[in-house]
Amino acid sequence: MSKKASYIGLAPLLLYMLVFLGWPLLAVFRFSFQNTAGDFTFDNFSTITQGVYRSAFILSFQLSIASALISLVAGFIFAYALVTSKYRVIKKFVSTASGVLANTGGVPLAFMFIAVLGTYGALTTWLKGFGIELYGGGWTIYSFSGLLIVYLYFQVPLMVLVSLPVLENIRTEWSEAAQSLGASSWTYWRKVLIPILTPQLLGFFLLLFANSFAAYATAAALTSGSLALVPVQIASLIGSNVQVDGANIAMALGLGMVLLVGVSTMGYAALERRSSRWRR
Amino acid sequence: MKFVRELLRFTLIAVGILFFVLPIYASSLFAFQENDGSFTAKPLQSAAQNEELMESLFLTLQIAFGTVVLTLLLLIPTIAYLHLVIPGARAWVEFLTLTPLVIPPIVQGVGFLYSMPTSFKATPYALIFAYVILALPFSYRAIDAAFSTIDIRTLYDASRSLGARFITVIMRVLIPNIATGIFGAIFLTIALVLGEFAYASLLLWDTFPTMLAVAGLSDASTAVALSVVSLIGVWILLNALTLFNRRDRQAVPMGGR
Chain A
1 MSKKASYIGL APLLLYMLVF LGWPLLAVFR FSFQNTAGDF TFDNFSTITQ GVYRSAFILS
61 FQLSIASALI SLVAGFIFAY ALVTSKYRVI KKFVSTASGV LANTGGVPLA FMFIAVLGTY
121 GALTTWLKGF GIELYGGGWT IYSFSGLLIV YLYFQVPLMV LVSLPVLENI RTEWSEAAQS
181 LGASSWTYWR KVLIPILTPQ LLGFFLLLFA NSFAAYATAA ALTSGSLALV PVQIASLIGS
241 NVQVDGANIA MALGLGMVLL VGVSTMGYAA LERRSSRWRR
Chain B
1001 MKFVRELLRF TLIAVGILFF VLPIYASSLF AFQENDGSFT AKPLQSAAQN EELMESLFLT
1061 LQIAFGTVVL TLLLLIPTIA YLHLVIPGAR AWVEFLTLTP LVIPPIVQGV GFLYSMPTSF
1121 KATPYALIFA YVILALPFSY RAIDAAFSTI DIRTLYDASR SLGARFITVI MRVLIPNIAT
1181 GIFGAIFLTI ALVLGEFAYA SLLLWDTFPT MLAVAGLSDA STAVALSVVS LIGVWILLNA
1241 LTLFNRRDRQ AVPMGGR
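One line per chain: the protein sequences are A and B, in this order.
Per our numbering, residue 1 is the first one in the first sequence, and the count goes up by one each step.
Per our numbering, residue 1001 is the first one in the second sequence, and the count goes up by one each step.
One should not assume that every hint holds.
Stated by the list, open to error - Here are the simulated distance ranges between beta carbons:
#, chain 1, residue 1, chain 2, residue 2, range
1, A, N169, B, L1241, 16 to 26 Å
2, A, S145, B, F1166, 51 to 61 Å
3, A, F29, B, A1091, 20 to 30 Å
4, B, L1022, A, V73, 18 to 28 Å
5, A, S55, B, L1155, 53 to 63 Å
6, B, Q1062, A, W23, 22 to 32 Å
7, B, S1119, A, V244, 24 to 34 Å
8, B, F1065, A, L148, 31 to 41 Å
9, B, L1217, A, I8, 50 to 60 Å
10, A, T84, B, T1118, 52 to 62 Å
11, B, E1052, A, L148, 24 to 34 Å
12, A, G138, B, L1022, 23 to 33 Å
Don't read these hints as lab results, they were simulated from the structure.
Don't be surprised by glycine CBs; every beta carbon is placed ideally from N, CA and C.
Only chain B is shown next, with the shape it has when bound in the complex (with noise of 0.2 Å):
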């Protein structure tokens, strides 16, 4: 009975695998191989050597780092803010940042294009500022977690009593300490812009997801590769996140909780 249900369990996340790996795999060799079953870089090389795919995929990494920075700008502050002087208003301002869950991308997308002035619209860099929307949900709860970790209150207190700045304590006691969270938060953001079609399209700018979009309808094998490439790459990031984070909280440990 024991080995029955054992063989059952084993089989049953062996079938959920092979439904994660298969077309990744399968993609793979429609991208990477030539006809005769050689392996072929060239789908990348010619993607390297499309000068607008380049261009766009430099644009979102300008979005992606301009989202993440303004993120925390935003998010830091506030969140230390609340958890020192209102924590009682986290519950309902927590509820809040959810909201943008509810709301499609592309209805947000649709109600962009006609409020905001056409001046602000007339940059791609305009979506910097929906895309920390977009991102909001995931990114608060990140820092908020890690926030909920520490003992905010006493780091605040020992520091200022030792003659530091608000500021200072914000960035060389409390950013420190709640890092994991911050690379979880800049992690979920970048992941959320890397991939972002709804606003890009209906606002009309090349950004790497719409571009590949546009690339899938002339030159597939391209269009594959890439997306492989960009969905491992991720992939990749993360697993090498969450093992720095387990390092991490290693290294910095908070007694007395």
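Bound-form chain A, shown alone (with noise of 0.2 Å):
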């Protein structure tokens, strides 16, 4: 068989991709750049520069920013004290249920908070009992802070989820190494494991950040759309037929989350290539 004839056993899965992932993406990419009368223009690029949809931008970026800051410190705290504890279980039982709340999270965990932290939640009661008003102050889960301690129960178990195998990868010679030619922890620390893990936390602060920007089955069933951001903005107007150019806006808006997702995703995949070189 010729190099170029043994390429058709590929067909079925190119052509799969080609028919459900690239035809839809194209007509995402030509809706973007035409009104609702089909004909072309750029004016749905500065409508979302503008007005609400810029405010939907900033306030993704912010709680996607926040979220990947927040819980890639913690996961990695919580993932090395994991990795280099006596309980083989613990870890296990942890990263399946990593594995479940990074992965089916979206609703049920919007659902979940409301019954721990909402104006009758379990935990929003018991701190009332030590004269705490968690409510007195005008904060709600429904608000920024809100979504943002939820975006945390599926970024903190994602973070652990990619971090225990890199963890799991530090050789207990290294630090034997450095120990045998006199250096203290502290030093083992910065000239060694910092130097190894930067381009690799820095790869997870971008999968972590495209993650949240991403998610929207969390901000829908939790707010029901009143804090808007870009999934949300996209949403509602494919949803409602009030706005001129409605589809055709919420297409740029998807392009421009593509951009922004589709850099950090390969920024992170990218630096992973770099930093499996020494994991073996």
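The two chains are supplied separately, each in an independent frame; assemble them into the complex guided by the hints.
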């Protein structure tokens, strides 16, 4: 079989991806450069850099940066404690729980948090017993910081999930070698671990950022659209016919998301490849 | 010093576990505890009596089944072919299958909505075709990793020299040897379908997640009860799967590698 002919075996998968991923994406691209009448225009892109859509990008950006930073630090510390501890069983249960929360989270997470921190939530009521009124100062679970807390419940698990294998690959020989050369544990961290882990952590930050930016279900179920993140805006533009060129603006917003999420994910992939050299 | 470090580690792990468990514990109380402190299964009973909710669950399970079947039909022959015939193409095909991760589901959903013919979108089972794409980055890697751990060339040549047809090799030699990878792919796909919200809500289909979101507006305790049960259910399944995985690896030793 010639080299070229042998690629025919990939046809089913490639065709499938072309029809169910490529074609829809092309539609998004095409419609974002059109108005409702189907004429070519750049208007949608000037629309999304102003007003509510600009605010949506800023809000999504803030939420994603904050949730990525917090979960990067918290998830790393938790994973490090788990890896260096003797409790194998706990590590296994935590990693499976992380898998569930990071992947299936969405709507169930939103409702769980209404039960915990909502107006009549368990923690809200419990704290009231100690005279702490969560809802006294105008705070709600449906606000930015409320949504941030809920986002941490799929972001921290994702961080734990990706950093466990990395931390498990830290060889005891490294610290022993450093110690035998007279390094203190602080020097070992500063001169060995941090240089090794930095590109990896940077990559994880980008992954967490992309993950948070792309998330839709949690925000939709928790705030029913009152916190106007970019995905929420897209859904409401598609769902209602109020806005002129609404669907086209939604496509332009979508293209903006693909750009941001795409660039961060590519960055993650590049850093991951660079770091995987020392992981064997 | 050693003791202090151990204590610190223990505290960190305890805090982390509390972080995970507290909301699940508190929402279980919210859903299953009566005002007088006694426990009740009423939210689950009312969920079971909610016909729309049960229908949506049934639909979601059907879609999950369809997605799993289509994923396996598409991926197992393709990945076997890649490993056997053009291993040099594996890197870029894997890269290609990661592209769905770059495109947020909501954007994929909008594209799907505006590009697919109306007659195709008229049935909720059209979601199956979209969900295969959403699951692709995970399902592909699970099956590809499984194929990498076996000596597929030797298995293939040995079977063929004994007279097995290509389809027989796949069904009776390769699939049993990559069972763990297949189970991983199946599990990840089901978990994804059970939680998928963006596509279903854009296309206005009443799948389990979209119905759950609606139910949450009218009956909070039912929605919370179902949320807790579904998360814990998936977690138990996943733990069972990893247990099964380990036993399987011992039962099918692949020597010589």
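Output the numbers, in ascending order, of every earlier hint that fails for this structure.
Result: no hint breaks.
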